[in-house]
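Visitor: The primary structure of each chain is shown beneath.
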Amino acid sequence: MSEHFADFELQLKRALSPVDPPKELEARLEGTLGSLVGMAAEELEAWELSAMRDPRNWVRPVAAAAIGSGAAVGLVLVRTQRRRHKRRKESDSAVDLLGRTLRDLGREARRVADDVF
Amino acid sequence: MAAAEETDKARLDAAFSDLYRAHLRDVYSYSYYRVGNHHDAEDLTEQTFLQAYRHFERAQRESDGRPLRPWLIRIAHNLAANYYRDRSRKPQTPIDDAGVLSAPHTTEDLVEDRDDLKRILAGVEKLPDDRREALIMRFALGMDNREIARALGRTDGATKVLLHRAIRQLEEIVKQDEGPTEP
Numbered sequence: 707m708s709e710h711f712a713d714f715e716l717q718l719k720r721a722l723s724p725v726d727p728p729k730e731l732e733a734r735l736e737g738t739l740g741s742l743v744g745m746a747a748e749e750l751e752a753w754e755l756s757a758m759r760d761p762r763n764w765v766r767p768v769a770a771a772a773i774g775s776g777a778a779v780g781l782v783l784v785r786t787q788r789r790r791h792k793r794r795k796e797s798d799s800a801v802d803l804l805g806r807t808l809r810d811l812g813r814e815a816r817r818v819a820d821d822v823f
Numbered sequence: 295m296a297a298a299e300e301t302d303k304a305r306l307d308a309a310f311s312d313l314y315r316a317h318l319r320d321v322y323s324y325s326y327y328r329v330g331n332h333h334d335a336e337d338l339t340e341q342t343f344l345q346a347y348r349h350f351e352r353a354q355r356e357s358d359g360r361p362l363r364p365w366l367i368r369i370a371h372n373l374a375a376n377y378y379r380d381r382s383r384k385p386q387t388p389i390d391d392a393g394v395l396s397a398p399h400t401t402e403d404l405v406e407d408r409d410d411l412k413r414i415l416a417g418v419e420k421l422p423d424d425r426r427e428a429l430i431m432r433f434a435l436g437m438d439n440r441e442i443a444r445a446l447g448r449t450d451g452a453t454k455v456l457l458h459r460a461i462r463q464l465e466e467i468v469k470q471d472e473g474p475t476e477p
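If you're matching them up, the sequences are chains A and B in order. If you read the first sequence in our numbering, its first letter stands for residue 707, the second for the next number, and so on. If you read the second sequence in our numbering, its first letter stands for residue 295, the second for the next number, and so on.
Hints are computed from structural coordinates only; laboratory data are not their basis. Given the structure is predicted, the values throughout are model-derived calculations rather than measurements. Wrong hints could be hidden among the right ones.
Stated by the list, open to error - Some residues of chain B that are not near chain A, with every Cβ distance over 10 Å (derived): (1) 301; (2) 312; (3) 352; (4) 353; (5) 356; (6) 360; (7) 362; (8) 363; (9) 423; (10) 424; (11) 439; (12) 447; (13) 448; (14) 450; (15) 452.
As the list claims (entries may be wrong) - Derived CB-CB ranges, DEER-like: (16) A:726 to B:348: 22 to 28 Å; (17) A:740 to B:469: 46 to 52 Å; (18) A:733 to B:462: 40 to 46 Å; (19) B:470 to A:719: 19 to 25 Å; (20) B:355 to A:796: 42 to 48 Å; (21) A:713 to B:305: 25 to 31 Å.
Built from N, CA and C at the ideal position, the CB exists for glycine as well.
Kindly produce the complete structure, drawing on both the sequences and the hints.
Guide: This is the structure:
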């Protein structure tokens with residue numbers, strides 16, 4: 707390997723230096739992974755039909771579903787909210803903005819549903 | 295029985311937390327250089343870890359003790375491919391504010407150096423996808439040939455050739471962009 711080639715690799719390494727994730731992403735991801743996937747999925751998986759015969763067992767699965775749904779809705783809203791500046795920039799009227807917002811909401815809801823359920 | 299399952303689940307969650315903490319920066323760096331902007335890189339990183347969580351147990355079982363970073367990057371790689379296919383797009387803005395380019399510079403000499411690095415980044419953008427990805431994995435993430443091969447689903451030999459050609463092609467692109475040197 708030539709010296710020039712090695713120099714170029716060194717420059718390439720500097721150009722492609724690692725990028726730190728934003729702090730908000732870390733916090734959001736930890737929250738999402740902790741509540742949405744871990745807790746609710748575990749509870750829902752443990753939901754056995756036999757247990758449903760006893761009304762005393764209804765509380766946990768319903769609570770798990772509520773936690774999962776609540777977190778999923780939260781995630782959809784957060785993601786949709788994050789694109790608001792872009793939407794405003796691209797919209798030429800209030801109606802257009804509303805249409806874009808609804809489309810983003812639908813798209814994010816589908817993505818979250820694909821990921822989680 | 296239930297207690298044992300809970301212990302397994304707790305162990306699995308703890309292992310996933312370790313994986314997440316160890317490789318968040320890798321996944322984010324890969325995503326950033328792949329899509330070219332922070333907004334989509336955040337989305338891609340988030341999607342990658344959600345997918346990884348869903349399949350973590352199986353991946354751990356099948357990894358046979360090998361590091362899971364290539365598996366994680368492969369998920370990001372597949373999601374990035376879907377991202378472009380679904381939206382029929384390529385990065386629209388050049389990567390220009392990552393790591394070293396935003397680092398503080400203290401002398402004028404470094405400004406020239408910074409321009410060189412910008413030219414290199416612009417050149418990376420012009421490479422075919424597989425070559426660009428191999429370079430990102432090697433230089434931004436510090437992955438070795440074997441890890442890159444696993445992430446890209448290639449042999450070690452093919453990966454070595456891919457990297458070599460990628461660097462050569464990038465050198466050519468950068469040289470062309472610099473234009474003819476004055477006598």
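Visitor: Confirm or reject each hint.
Guide: Cross-check of the supplied hints:
Taking the minimum C-beta to C-beta distance to chain A, about 13 Å, the non-interface status of residue 301 of chain B holds against the 10 Å cut. Taking the minimum C-beta to C-beta distance to chain A, about 13 Å, the non-interface status of residue 312 of chain B holds against the 10 Å cut. No beta-carbon of chain A comes within 10 Å of the beta-carbon of residue 352 of chain B; the shortest separation is about 15 Å. Distance to chain A confirms residue 353 of chain B as a non-interface residue, since its nearest Cβ pair spans about 15 Å, more than 10 Å.
Even its closest Cβ contact with chain A, about 20 Å, leaves residue 356 of chain B beyond 10 Å, as expected for a residue assigned away from the interface. The claim that residue 360 of chain B lies off the interface holds: its Cβ sits roughly 22 Å from the closest Cβ of chain A, which is beyond the 10 Å cut-off. At roughly 16 Å from the closest C-beta of chain A, the C-beta of residue 362 of chain B stays outside 10 Å, upholding its exclusion from the interface. Every CB of chain A lies more than 10 Å from the CB of residue 363 of chain B, the least distance being 13 Å, so the non-interface label holds.
Every Cβ of chain A is farther than 10 Å from the Cβ of residue 423 of chain B; the closest lies at roughly 16 Å, confirming the non-interface assignment. With a closest Cβ-Cβ approach of about 16 Å to chain A, residue 424 of chain B is found to remain outside the 10 Å limit, as its non-interface label requires. With a closest Cβ-Cβ approach of about 14 Å to chain A, residue 439 of chain B is found to remain outside the 10 Å limit, as its non-interface label requires. Distance check on residue 447 of chain B: its Cβ is at least 22 Å (rounded) from any Cβ of chain A, clearing the 10 Å threshold; non-interface status holds.
Annotated as non-interface, residue 448 of chain B keeps its C-beta farther than 10 Å from every C-beta of chain A; the closest such distance is 20 Å. Distance check on residue 450 of chain B: its Cβ is at least 18 Å (rounded) from any Cβ of chain A, clearing the 10 Å threshold; non-interface status holds. No beta-carbon of chain A comes within 10 Å of the beta-carbon of residue 452 of chain B; the shortest separation is about 19 Å. As the Cβ distance of residue 726 of chain A to residue 348 of chain B is approximately 26 Å, the hint placing it in 22 to 28 Å holds.
Between residue 740 of chain A and residue 469 of chain B, the C-beta spacing of about 49 Å keeps the proposed range 46 to 52 Å intact. The given range of 40 to 46 Å is respected by residue 733 of chain A and residue 462 of chain B, whose C-beta atoms sit roughly 42 Å from each other. Our hint of 19 to 25 Å for residue 470 of chain B and residue 719 of chain A holds, since their Cβ atoms are close to 22 Å apart. Between residue 355 of chain B and residue 796 of chain A the C-beta distance comes to about 45 Å, which sits within the given range of 42 to 48 Å.
A beta carbon spacing of about 47 Å between residue 713 of chain A and residue 305 of chain B contradicts the range 25 to 31 Å that was offered as a hint.
The structure fails to meet hint 21 from the earlier list, while all remaining hints are met.
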